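Chemist: When we follow the numbering used here, the leftmost residue of the sequence shown carries the number 872, and every step to the right adds one.
Each hint can be trusted.
When the alpha-carbon atoms are kept at most 25 angstroms apart in a straight line, the in silico SDA-like pairs for lysine to any residue are as follows:
(1) K910 / R939
(2) K900 / G886
(3) K910 / N887
(4) K923 / L934
(5) K900 / C936
(6) K910 / M928
(7) K910 / E932
(8) K910 / C936
(9) K904 / T915
(10) K923 / T913
(11) K910 / S896
(12) K910 / R935
(13) K904 / C936
(14) K910 / V897
(15) K910 / P895
(16) K889 / I937
(17) K923 / V908
(18) K910 / E926
(19) K900 / P890
(20) K923 / R939
(21) K900 / H914
(22) K910 / E899
(23) K889 / M902
(24) K889 / K904
(25) K904 / G886
(26) K889 / R935
(27) K910 / I921
(28) K889 / E909
(29) K910 / D893
(30) K910 / E920
(31) K889 / L934
(32) K910 / F925
(33) K904 / H914
Across the chosen pairs, the derived CB separations fall in these ranges:
(34) R935 / E899: 13 to 23 angstroms
(35) R930 / S896: 32 to 42 angstroms
(36) E941 / K889: 32 to 42 angstroms
(37) E899 / R930: 29 to 39 angstroms
(38) G931 / V908: 14 to 24 angstroms
(39) I938 / K910: 11 to 21 angstroms
(40) K904 / L934: 12 to 22 angstroms
Quick caveat, the hints were computed from the structure, so don't treat them as lab data. From a predicted model like this one, the values you see are computed outputs, not experimental measurements. Quick reminder that beta carbons are idealized off the backbone N, C-alpha and C, glycines included.
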Amino acid sequence: MNLLNERTLKGTFFGNYKPRSDLPSVVEKYMSKELEVEKFITHTVPFSEINKAFEYMLRGEGLRCIIRMEE
Numbered sequence: 872m873n874l875l876n877e878r879t880l881k882g883t884f885f886g887n888y889k890p891r892s893d894l895p896s897v898v899e900k901y902m903s904k905e906l907e908v909e910k911f912i913t914h915t916v917p918f919s920e921i922n923k924a925f926e927y928m929l930r931g932e933g934l935r936c937i938i939r940m941e942e
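Produce the complete structure using the sequences and hints provided.
Modeler: Laid out in structure tokens, this is it:
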């Protein structure tokens, strides 16, 4: 996207993370309890209340929401 003064705004999908080469080490750290994924989960909502997850995100209250498919 070209902005004023010829500046360019660019986004990234994974940042500096390279899934193909980095994922095995992430899985290994998770399995050995070095990486605590659970502490990043801020909310859990049933699918019927999926809009709540979006509200949390828009208000900046949700880091990661788990959507339960079964109630």
